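Protein chains: 2
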Amino acid sequence: MDILTEKFAKLGCDNAPGQESLQKQKPLDLRGEAIEGRPVDFSHGDVDAFAPLPGSFEAFKQGFEVGGKQAYTEYRGKDFIREDVARKLSAFTGAKIDPKKNLILTPGTQGALFLAMGSLVARGDKVAIVEPDYFANRKLVEFFDGELVPITMNYYENSAQAGLDLIELEKAFQSGVRLFLFSNPNNPTGAVYSRDEITVIASLARSYGATLLVDELYSRQIFDGREYTHLCAQEDIPENLVTIIGPSKTESLSGFRLGAAFGSEYIISRMEKLQAIVSLRTAGYCQAVYKTWFSEPEGFMEERVAAHQAIRDELVGILREVPGVRVRPTDGGSYVFPELPELDVSIEDFCKIVRQLAGVSITPGTEFGPQFTHHFRVNFSQDQKAASDAIRRVLAVMERYRKAE
Amino acid sequence: MDILTEKFAKLGCDNAPGQESLQKQKPLDLRGEAIEGRPVDFSHGDVDAFAPLPGSFEAFKQGFEVGGKQAYTEYRGKDFIREDVARKLSAFTGAKIDPKKNLILTPGTQGALFLAMGSLVARGDKVAIVEPDYFANRKLVEFFDGELVPITMNYYENSAQAGLDLIELEKAFQSGVRLFLFSNPNNPTGAVYSRDEITVIASLARSYGATLLVDELYSRQIFDGREYTHLCAQEDIPENLVTIIGPSKTESLSGFRLGAAFGSEYIISRMEKLQAIVSLRTAGYCQAVYKTWFSEPEGFMEERVAAHQAIRDELVGILREVPGVRVRPTDGGSYVFPELPELDVSIEDFCKIVRQLAGVSITPGTEFGPQFTHHFRVNFSQDQKAASDAIRRVLAVMERYRKAE
Chain A
1 MDILTEKFAK LGCDNAPGQE SLQKQKPLDL RGEAIEGRPV DFSHGDVDAF APLPGSFEAF
61 KQGFEVGGKQ AYTEYRGKDF IREDVARKLS AFTGAKIDPK KNLILTPGTQ GALFLAMGSL
121 VARGDKVAIV EPDYFANRKL VEFFDGELVP ITMNYYENSA QAGLDLIELE KAFQSGVRLF
181 LFSNPNNPTG AVYSRDEITV IASLARSYGA TLLVDELYSR QIFDGREYTH LCAQEDIPEN
241 LVTIIGPSKT ESLSGFRLGA AFGSEYIISR MEKLQAIVSL RTAGYCQAVY KTWFSEPEGF
301 MEERVAAHQA IRDELVGILR EVPGVRVRPT DGGSYVFPEL PELDVSIEDF CKIVRQLAGV
361 SITPGTEFGP QFTHHFRVNF SQDQKAASDA IRRVLAVMER YRKAE
Chain B
1 MDILTEKFAK LGCDNAPGQE SLQKQKPLDL RGEAIEGRPV DFSHGDVDAF APLPGSFEAF
61 KQGFEVGGKQ AYTEYRGKDF IREDVARKLS AFTGAKIDPK KNLILTPGTQ GALFLAMGSL
121 VARGDKVAIV EPDYFANRKL VEFFDGELVP ITMNYYENSA QAGLDLIELE KAFQSGVRLF
181 LFSNPNNPTG AVYSRDEITV IASLARSYGA TLLVDELYSR QIFDGREYTH LCAQEDIPEN
241 LVTIIGPSKT ESLSGFRLGA AFGSEYIISR MEKLQAIVSL RTAGYCQAVY KTWFSEPEGF
301 MEERVAAHQA IRDELVGILR EVPGVRVRPT DGGSYVFPEL PELDVSIEDF CKIVRQLAGV
361 SITPGTEFGP QFTHHFRVNF SQDQKAASDA IRRVLAVMER YRKAE
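Chains A and B, in that order, give the protein sequences. Oh and the first sequence: position 369 is 369 in the numbering used here, straight run, nothing missing. Oh and the second sequence: position 195 is 195 in the numbering used here, straight run, nothing missing.
Check the hints yourself; a few may be wrong.
If chains are identical, the list can't say which one is meant, so a pair holds when it fits in one copy or spans any two.
[Claimed, not checked] When the alpha-carbon atoms are kept at most 20 Å apart in a straight line, the in silico SDA-like pairs for lysine to any residue are as follows:
1. K101 <-> S269
2. K385 <-> L395
3. K88 <-> T229
4. K10 <-> A122
5. K96 <-> E235
6. K101 <-> N15
7. K101 <-> F8
8. K61 <-> P99
9. K26 <-> S175
10. K61 <-> R392
11. K10 <-> F144
12. K69 <-> S175
13. K291 <-> D14
14. K69 <-> Q384
15. K171 <-> E58
16. K10 <-> S269
17. K10 <-> P150
18. K69 <-> R38
19. K96 <-> D84
These aren't lab readings, by the way, just hints derived from the structure by calculation. This one's a predicted model, so the numbers in the text were calculated from it and none came from an experiment.
Given the sequences, and given the hints that come with them, work out the whole structure.
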């Protein structure tokens, strides 16, 4: 098998969220009748249930009307928009961000992640990632010919922290890892890192001269008044640090593809060089929509976060009623990652079966680490009633496949 | 120097079109006073002079109003939009395109090019590109650790063909090249390949089992009623072929970032896997705008092409009046690539000087091949009067730097 055939074999996206409609049909062990109910796609948030930020369409319209100056921007994004975004991200995180040097606007946070990884991973480089964590992280390491060094997260252990195995992380740095990538809140568990965890990660990275890449995509949606620690604003942060974030989740602006990365000047500058050959720039007219981000009407975000917290409470309650099902309540973000008891089918098949019998799309745990063979991920940014009904249907289907003791 | 430092040093984009505002200030040999006139940015087309396709904003609005189903699409693009685009691209090119297998919607044609190259170039692979050709082509080969094999284009020789050196191309295939990438019409010269050239390229690729990647971005803007040959619709095409195209140029939809690639199923499928980790998808709401492409009001495209042909005629006329200046009239697209006589300054410095003294942005020839040290590129999709005035200012500045005989 040649290099590319091998590489792309690992990059499969048939089980990835949102790709379910492209799955090849294969015979499934379907048990019982379909369960009626409103179809729910838990693979991503429902922007019909939680609408895009107020004024986002009008901002796009203004950008379109500006014409040429908005259609073509520097690869890193329009100057005055970078100034506005830098000011707002500084205020939010506490980090110092020079809009000329430390910020790039990207096509979604995925765009930021890709550009950062492409700027930091050379073939053979050891890269530490968390398991479980966002499914694209491992694929990016593989695409850039890096060597994956997984770090365990014991997320059931202590709800006051994410549960990252810091001893493993230090060993990874000792073994030559020079880049550590993690999402906070963690995707898919919704675990938030404690201040202590963040401080130790920063200090280890400094000691070993490692680069940190922190995905804070969901950092505006923290529940229960819990403390959230922005690594970028801490003392003694490593010299090489990039934070990525965007308005696609809580703000529901995913359809515009907007993201941002901020941090070390040399990494941002590499990312722009890469952007120049990847897709030139974040769609020019869409860039105008950044102005609605962090400029929401008073009370809007508080209300939106509270609505998600209520859905979390209901779903976690439903899941915990079922014997053998385990789940850590989400600290932040819109994901839960329930663990199921032993089933007669694989988790990948279970997800396909659920789609057919219950009209519900869920993402198999194995997308987030090969060991998560009993987990699935749910994005609960949905209509609350539809979401709880759908979870009940998933659990009803699950009972048909529960392995006999 | 480590691998990435070396790689990104080659990826410089300071002289790239549109990046002029980020150039570091360095002392220039400025001669004489600034020449007054309306500033013109020849680094890209002016969408204020040639507006986006009629109905494009309204199509976006409808996409936004559809909501969730339009915000989140398959990575390769929304199914019914792929069906529409496949039908229209089939009608335009004559190629058979199955919207399920042979087509991916991408963030601009640049996005298509990046995904295709990322799917086809492994480290060490020999890749043939034309000199001159689009500046990103060489950068992509370098980014993916390929080995560049340049093929000469003798574009002054015979205006009935592009002038590709087909003997060099065959030697390249003999030496192990398995991928040939070229733009037709050629960027930056505007030369269109003759039917004979296209037939020979296709036949050589077949013989040597090579893959072809054809950039047809400007293929809807052909002048003088000249014949244009779509390689994808020829008999005896190679098994592995991808054509890329998009509505960013003649259609002025660049601000939405829309492109497309069609061709071999396995390459399109790889491109989608890569898209899944690059930026997920072409911005969902923007995808709704594809419906205006190839659905222009009657006579719209003919008029737009004629307007560009008139600008070409005027600019070529002005350039040819000047002793020592050489230019091939554009067959298709919005570029001219004039060659200047010997100057006292480098072409890169000349471009910076022109920006300061004449308020005109032009792109140095060296972006298109290291040997083009006396050329610059102009995108003449501009207001006609502003463009001809600006070219006169460029030539007036040029006289101040003409080397004494």
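Hint by hint, here is what the structure shows:
| no. | hint | in the structure |
| --- | --- | --- |
| 1 | K101 <-> S269 | within (8 Å within a copy, 37 Å between copies) |
| 2 | K385 <-> L395 | within (16 Å within a copy, 69 Å between copies) |
| 3 | K88 <-> T229 | within (17 Å within a copy, 51 Å between copies) |
| 4 | K10 <-> A122 | both (18 Å within a copy, 15 Å between copies) |
| 5 | K96 <-> E235 | within (12 Å within a copy, 60 Å between copies) |
| 6 | K101 <-> N15 | between (38 Å within a copy, 18 Å between copies) |
| 7 | K101 <-> F8 | between (35 Å within a copy, 17 Å between copies) |
| 8 | K61 <-> P99 | neither (24 Å within a copy, 31 Å between copies) |
| 9 | K26 <-> S175 | neither (43 Å within a copy, 44 Å between copies) |
| 10 | K61 <-> R392 | neither (41 Å within a copy, 36 Å between copies) |
| 11 | K10 <-> F144 | both (12 Å within a copy, 18 Å between copies) |
| 12 | K69 <-> S175 | neither (49 Å within a copy, 46 Å between copies) |
| 13 | K291 <-> D14 | neither (35 Å within a copy, 27 Å between copies) |
| 14 | K69 <-> Q384 | between (42 Å within a copy, 19 Å between copies) |
| 15 | K171 <-> E58 | neither (51 Å within a copy, 56 Å between copies) |
| 16 | K10 <-> S269 | between (29 Å within a copy, 13 Å between copies) |
| 17 | K10 <-> P150 | within (17 Å within a copy, 32 Å between copies) |
| 18 | K69 <-> R38 | between (45 Å within a copy, 15 Å between copies) |
| 19 | K96 <-> D84 | within (13 Å within a copy, 47 Å between copies) |
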